[in-house]
Every structure is written in structure tokens, then in C-alpha cells.
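Enquirer: For the protein sequence lines, the chains are A and B, in the order given.
This note's numbering numbers the first residue of the first sequence as 1268 and each following residue consecutively.
This note's numbering numbers the first residue of the second sequence as 116 and each following residue consecutively.
Simulated from the structure, these hints should not be mistaken for laboratory data.
There may be inaccurate statements among the hints.
Quick look at which bits of chain A chain B covers, simulated, 3 or more residues with Cβ under 8 Å [to be verified]:
{"no.": "1", "region": "1490 to 1499"}
{"no.": "2", "region": "1538 to 1551"}
{"no.": "3", "region": "1573 to 1587"}
{"no.": "4", "region": "1601 to 1607"}
Glycine residues also receive a C-beta, built at the ideal position from the N, C-alpha and C atoms.
The chain contents come next:
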Amino acid sequence: MIKKHSAYMGTMRFFIFSSILWTGFLLPLNTWAQTDSTKKSTQLKEIRIREYRLTEQSKSPTPLQILSGEDLKRMNSLSVADALRYFSGLQLKDYGGIGGLKTVNVRSLGTNHTAVFLDGIQIGNAQNGQVDLGKFSLNNLEEISLYSGQKPELLLPARAYASASSIYLKTRVPEFEKNQHQQLELGLKGGSFGLINPTLVYQYQVNDHLNASINTEYIHADGKYKFRSTNGVYDTTAVRNNADVERFRLQAALFGKFKDGKWQAQAYSFLSERGLPGAIVSNRFDFTQRIWDRDFFVQGSAEKQLSSKLRILVNGKYSYAYQRYLDPDFVTTTGLLDNRFKEQEAYFSVSGKYKINSIWEAAYASDFTYQTLDANIYRFAYPTRNTFLNVLSSSLTFDQLNVKASILSTTVIDRVKVYSSSGDKQVFSPTVMLSWKLLKDKDIRIRAFYKDIFRMPTFNDLYYTFIGNTLLRPEYAKQYDVGVTYFKNFKNQKLKFIDIQSDVYYNRVKDKIVAQPGANLYRWIMYNIGLVDIRGLEINAKTAFEPFTDLMVNLGLTYTCQKAIDITSKLEDQYKDQIPYIPENSGSFLTRLDYHHWRANYSFIYTGFRYNQKANIIENYMEPWYTHDAAIGYEFKLKKGSVSVNGEVNNLLNQQFDIIPNFPMPGRNYRLTLNYKL
Amino acid sequence: MRSLKFSIYILAFLGAITTSCRKDPKPLPSEVTKVEPEPTSAIKGFYLVNEGNMNMNKASLDYLDLVNGIYTRNLYNQVNPEVTKGLGDVGNDIGRYGTKLYVVVNVSNKVEVLNVKTGKKIGQINITNCRYVTFSNGKAYVSAYLGKVGDPKAPNGIVAEIDTTALSVNRTVEVGRQPEEMAIIGSKLYVANSGGYSPPDYEHTVSVIDLPSFKEIKRIEVAINLHRIKADRYGDLYVTSRGDYYNIPSKLFVIDTQTDQIKKVFDIAASNLAIDDDYAYIYATEWNYIEQKNTITYSMINVKDETLMDRKFIIDGTEKNIKIPYGIAVNPNSKDVYVTDAKDYVTPGKLHCYSPGGRLKWSVTTGDIPAHIAFTN
């Protein structure tokens, strides 16, 4: 129907062509450049990091999944959201394209039950409780981890205990080789959707106790891609419009050490302008809505061993987020609909851990958060929220058994300038977890946890004009999990290691508030789905082997089975129907090959059929989707520095699919990355 | 080289097991339900438009064959599988004129014209943000918020005149902001203006359009945020105001078209009404933001002497099973009352048929947000 010939395909061909030329030309000149010894040492380091992570994963009493280092660098991913797709038990909600909203739902509990932490401090969103993970680039990250339940450590801010699951993003900490005082890394990524993405990381060693880093990135994309819609009779191909993105991020960080302690401080700013591609519905394929974002925050943390028994951690943050939404389709008496939202948050946390004896530790954490939202919309309530979190936790560590328990107290005080507030709330939430090593000399462990948690309705849920409902109840989630982990390391063998984790879980969500896309992407229709019963099984397996000298093969497999059923009312037709957007089966498969300077990746992601509304009927049925992504890279020395080239193909078989109905995802697309490190 | 082969094998294997998981796309099927037949009915049946939640592209068309008692869910996709993305997003109104059926699809910016016998698509008229349809003298009139994209100075409300033979827009006339329903008495068209895009600056008038000249000749002051407008057989108009959802409640007004003056105000909430002979059948779902809850009421008015009646059109207590009444129609022949239930807007709704005595005759499951009904005879 709509066929626009686009220039970006031409650009793409140029990229591929030049990449082939580029590698072909440089290959013979540079293969000798990297000495074997440096390569061996980095490889060894990589293996050590990997091993450490794996042991951490198998020891954790709460299910933990980590992507770090090489895995993260080489993944066919542009943003944190893309990388998270490889985790089990997690569903990505993606409106498509680079600028489209990307959120995650862990173990069917809903997006708002997952907290996202950057360097240990939560990225808050009081307005809608959802963090757009598409906004966070992988470029400056060292590690992404997902904890179901909570992070099992004791010395944590109270917020780390206050959600059903947590995603931790860790910024790259400067690391210097001997006699090196600064490091520069330049990157350039380009590809489909008119993507241009230059990056710069500069790390500087001020002195032995202080490192600094600056990290900046610019993204520009026209966001255009072809999509196809068909029912077998009509067959329409069109180009996604109004999906352009322009983003700029600047981040600076200081990493310091002092006697018996360390500190870290960082400033972050993010500017963005993007089109808001709407739902592709009959007779309507073009859109004009736009969104501007300005996010800014400063945060810091310090940790110190006060005595041999007492260690404390202090965290603080101030953030300011501004969003402007313009809808030229919506003409009011004062001009076009032009909403502006300003959210501010101040946060302070103190926690301390005390070692009572060699097996018993206790910790206390106290957090205070102040959040306020200002908007230029009609009948806005101007809400502020004061949240006090206090946690008492304790752990017992025996040779083969580790038990932890915590109790969280949440006090929420909501105030509004006008109209009515939702009032004050006080909730106590307990958690218990354990990890039991069955045999002394074998790494087989049983783990289990129970966590009772809730999420507060957000400002939008409560106060948004015409939509909000101040009588909304908090949404409670009870989680039960039992799992088994096995890890084995093989020295001097072709098989390097085996790591298997498997968990079964049962969750019950009471008064579940489910967000469905409303009039536009960032407005929602809230409804209380009521009572949801979730039963799930997760399997995670990883292995590495060296089938012949110098070829390293890494394999990873995840599988998730979930029954998340609505048991609100027996009188409803939807009683015991699977809740929206949750597939019964999903999984991923990841391969990594390393051979001298070459490296290759292949991954496969599968999401089974699901329904896009409450009723499990054919009108709401969504086809399974599965994508194959592949990448190939080459790394070599160039004078003092090193260069890497990486080419990616995503959605290799060009499958046409929607994750959210009427928001088509891109078909086959390409990216080429050049990286220079000095 | 072995590794490459290995990868290819894996790829081929995965490709093979997974490509079989997706079914070939097919048009959505129709579904048939039996209801109580009325073999002697003069009215053959009716079409029902289900709005579908916004962005879901789930507007659908159902048909009730009254004579044989056959309810067909989702007829449109079966009859018109070649239409890209089907009926579209948010069906907002339906009307029958002669042998043609007009379905107004709001977010899809179109009026679909169908053959009334088969439901087969005959044509389409594109009108930005179209709302309601009414007919007179070989013409269809469609109200639209219009609002030219990106231009605050463009009209924010029009009525378009469509030639029912050529199926194209003849003339347009500017009315108040965000116009809703229309009614025609004689050679005048009355349209309820809402101004709903600019709260609290709502419109508060009914625009009067002289049909021969197609000019707005006056505006009648009524109340803020007007929505429904229905004519009775005595030359009066029943107009509903939605209020501001906060302090100003919904009300029902009666306009005498002889004088173009308000002659009566009913202090009752009214979301929707159907007028048949001497009776108006009214329901109201009023969301009260102060109390944060819905209040649902059903009432009847005698339009001959404009009095609120004691009689109810549901007397057996089954109205308790209706979560959100969303559409109403009265069979002009049998006087049966049809009430639709939109439930929570995101699940299939229900259509209930009540006897003239106010008892539930039958119920049937519809599409999402069943709302608008057009009889066929």
C-alpha cells in the first residue's frame, strides 16, 4: 500500500561493502601485530572473571543471571533492553525501533515490580514506575545482572530490598595496565534505521587513590524500517515513520580510595528528542507526536570499614527528569497539546553491617526518598511522596549452609497540593532465603527463597487527570522459589566448565494493576486484574569447550515455562486464562566462538504464543516470534592501540512480528561497529 | 572449519524446528451463537459495532438475524478479508440508509460503506477524527473533530455532507469544537458541541445548520460538554451534557425546535438514550472523581409530556450483571430493549435483550466494547 523508497538501504549496503573491504585490507597486515603473550593474558583474565561470576551465580540463594565483560561487548545489542532478552524468566515489552519504549517484566509480576539500579543506586520513576531500558546504552557498562527476589548481600541500601526483582547495571570502572595513566576508547556504530552512534570513553588516573572517567555518546537514527502486515488475503508493506531518535549522553565519574574504604561519585546527563511512532491501525500509518527528554542526576556512594566488625555504606542522589510531549493531532483552545512533566527526586541512604561472630552477621539500612512531580496538565494534583524504608537483615553462614532473613518496613506519605491524596501507608515485608551446598567436594547447591513484597501505585496511577484513581490499592506479590545449581570446572581439558541452574517458582499477585497501552504510548489504561497465580520453571545452562587448539566455544541456553493465570473471579469468562503478554514457553540460545583474532556470535530468541488482552480468544492471540541474530568480529593491534571491527545481522530470517499489537518490530537489520582503544 | 559446519547445523536445526511454530496468517473467523428466534418479526435484525480499545485495531461488526435467531460475531473480517487491517481502530457509530450501511471508525479516520444485506464493503470516505453519522434526503452527515494536524487555526469541528450515491464529501460546514451526535428535524441539522479537548474550556452549545444552504445559522446555549442529541416525534430534542466529571454533573435537556429554546431540564445523569414512540430509554454511568466510583442508573421519560416515569425498562434485577452499560436500542416493532455491556473495555462484552415488560430474554457475547446498533428491515 505505502511503498516509500528509502535511502537508508543504500547507506546500509555501503556499510557492509566498506566493512568487507576494510577487514580484507587490514587482515594480512595486522595478524602478526598482537603478540601471543598479551593475548594469552587477556584471555586468562577473561576466563577468571567468567569463573568468578559463575561461582557467584551458583552460590546465590536468589536466582542470579549475569552478563558481563566480553559477553556484553559482543552481544547483538544496542541497549540494556536488548541484552536482557537473553535472561530467563524475563519478558521484554518493546514498541519497536530504537526510540520505542522498552521495559521488562520478570516472572510475570509486571514491569513495576522490577527495580533498576545504576551502580547500586536505584533509577527511580515516581510518575509511572517504569524505567525505559532502551535509554541505557551498553557502551559504558561493565555488567548487567538480574536478581529474582533480591540481591543476597547484607550491606545494601534499603531500596535493594524493596522490589520483587532487581536489575543492576554497573558502570565500567577504570582499569590501567602498568605505567599507564590514561586510556582512550573511540567507537563508531552505524547501520540500519540510519543509525549513527559515535562513542568516547576517556579514563584518567589522577593518582593512586583517584581515577576519573568521562563517557559520552551520541545517537542519531531516522528509525525507518519496512514492516509487513498480512492476514493471508491482504498483504501490505509499509515504512515505519516518526520513529526518528536523537540522543546525547554525557557521564563523568570519579572513583576514589581511602583508608579502609572507597568512594564513587558520578554525574549523568541525557538529552533526547524522538518521534513517537503510533499504533499501526487500519487507514492510519503516519504519526506526528514527539517527545523530548532531559534527564540529569548526580549520585555518590562511600563505603568504609569502621572497625574489624563494622562496615558502613552511605548513598545519596539527586535527580531531575523533564519530559515534554507534543501532540499536533490534538488541538486545544490554547494551541497544540503540549504537556511538560518535571520529576525531582532526592535520596539518602545509610546502611551498616555488623559481624557478630564468625558465622553470624546483621545489618541495618535506612533510606529516605523524596519525590515530586510537576506538570502543566488540567487538574493536576502536584503530588509529592516521602518514602521511608528501614531494613533489618541478618545472615548465618556455615560451611555448607547460608541462611539470610530480612524484614523491610515501608512508610509512604503522599501529599498533594490540590484535590485528594491517596493517604499514608505502612507495610512490613519479610524475606527469607537459603543456599545449601549438598556435598563438601561438589558444587551442587539447593537454594530457596520466600519474599513478600508490594509496589505502590505510581503518581500516574493515582493522580493523572481523568485516568488516576486515588483509591487504588498497592499491589502485593508473594514469591516462593526453590532451585538447584551445579557448577564444575575442568582443568586442562577440552571441556572447560559446566554450569546449570534451575528454579521452580510460585508467585501470587494480589490487586494486580495491569497497564495496557492507552491513547498513546505513555498513557495507560489502568485496571485491577485482581488475583494472579504464577507458576514457573526456569533453566539456565552454560558451558565452554575447546574442540581444537585455540578455538573456544561458549554455549548458553535458557528456557522458561510460565503459567500465569487470572483467578480473580470464577464468574468471569476469563477465569484461569493466561494473563496478557505472558507466553507459556520462551527461551534463548547463545553461542560464542573465539579463534585467534576472530570472534563470532550467534543467538536465538524464542517467545511462544501469548494473548494481548485478558480473554484467551483468537482475536487476542499473538503468534510466537523467534529471531536469529549473528555477529562476526575481528580484533587487531594498531601501533599502540587496538582496533576491533564487529558486524551484526539481527533478525536474520526477516521475521515480521509484534511484541505489542500494532507496533511492528523491525525485520532483518544490520550494524557495524568500529572500536579503537588506546 | 568444523566449527563453521557445527554452527550451520545448529542454525539449520533451530530453523527447522521453529519455523513450524507460526501458523499461516488467516482472516479472523466469524462465530455463530443461537438466540431466541422471532420468525414473525418485521425487523429482520441489526448490526452492532464493537468499538475495540484504542490502539488495538479491534473494531468489529456483529450481526443479529432476529428472524432465525442467529448471532454472528465478527462478520466484517469474514466478508471483507482483503481490507488492510480490517474495520480499524475504535468504531464510533453505525447508521443504515437505504441499502447501505455506514460505519464510522474514529481513530482510523474513515467511514466504511457496506452493503446492508451482505456486509460487503462498497466504499470508504476518509474524514479525520470522524465521530457520528446521520441521514436526510439522500445525504449522509458526519460530524468530525477534524483539527488539521499541526494547525491550531484550522477548524476544530465540522459536519461533512456525503452524497450517498457518489460516496464522496459534497460540502462541509464548521461548527463548535469537537462536535458529537447530530439530529435532523425538518430541514435543520442540530449538532451537539463538546469542546472536550480543552477542559475546563468546554463548549456549551448546539449548532443549528440550515441544510439547503449548509450554513450554521445559530447556536443554542445548553450546558457544557454536550454529547447525545435525539429527536422525538413532537419536534423536541433531547440533549445530554457530560458535565465536567468533577463538580458539574451530567444532565439531560429538552430543546423545543419551534423556539430553539430549552423547555425542560432533567436533573438526571444520562450517558445515552434511545427514543421510541413516546418513551426515552436512558442509562447513565457517571464516574465521580470525588467519590472515585461509578454510579449506574437506568430511567425512562415520557417524551409526550416530558415527565420522568416510575417505570423501569429492566425490572428483574438483572441490571446488576451489567458492569458498564455502553449501548442501547429499542426494537421499533417488538419494543424489546437491547442493552450492551462493555465490562472493563478490554474483554468481550455482552448484548442483553429485555422484553417490553423489562425481563431478560437472552444474552450473547459480543466483541470488545459493544456500543452502536443499526436495525435492518
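Enquirer: A separate judgement is required for each hint: does it hold in the structure or not?
Expert: Here's how the hints hold up against the structure:
| no. | hint | result |
| --- | --- | --- |
| 1 | 1490 to 1499 | holds (count 4) |
| 2 | 1538 to 1551 | holds (count 7) |
| 3 | 1573 to 1587 | violated (count 0) |
| 4 | 1601 to 1607 | holds (count 4) |
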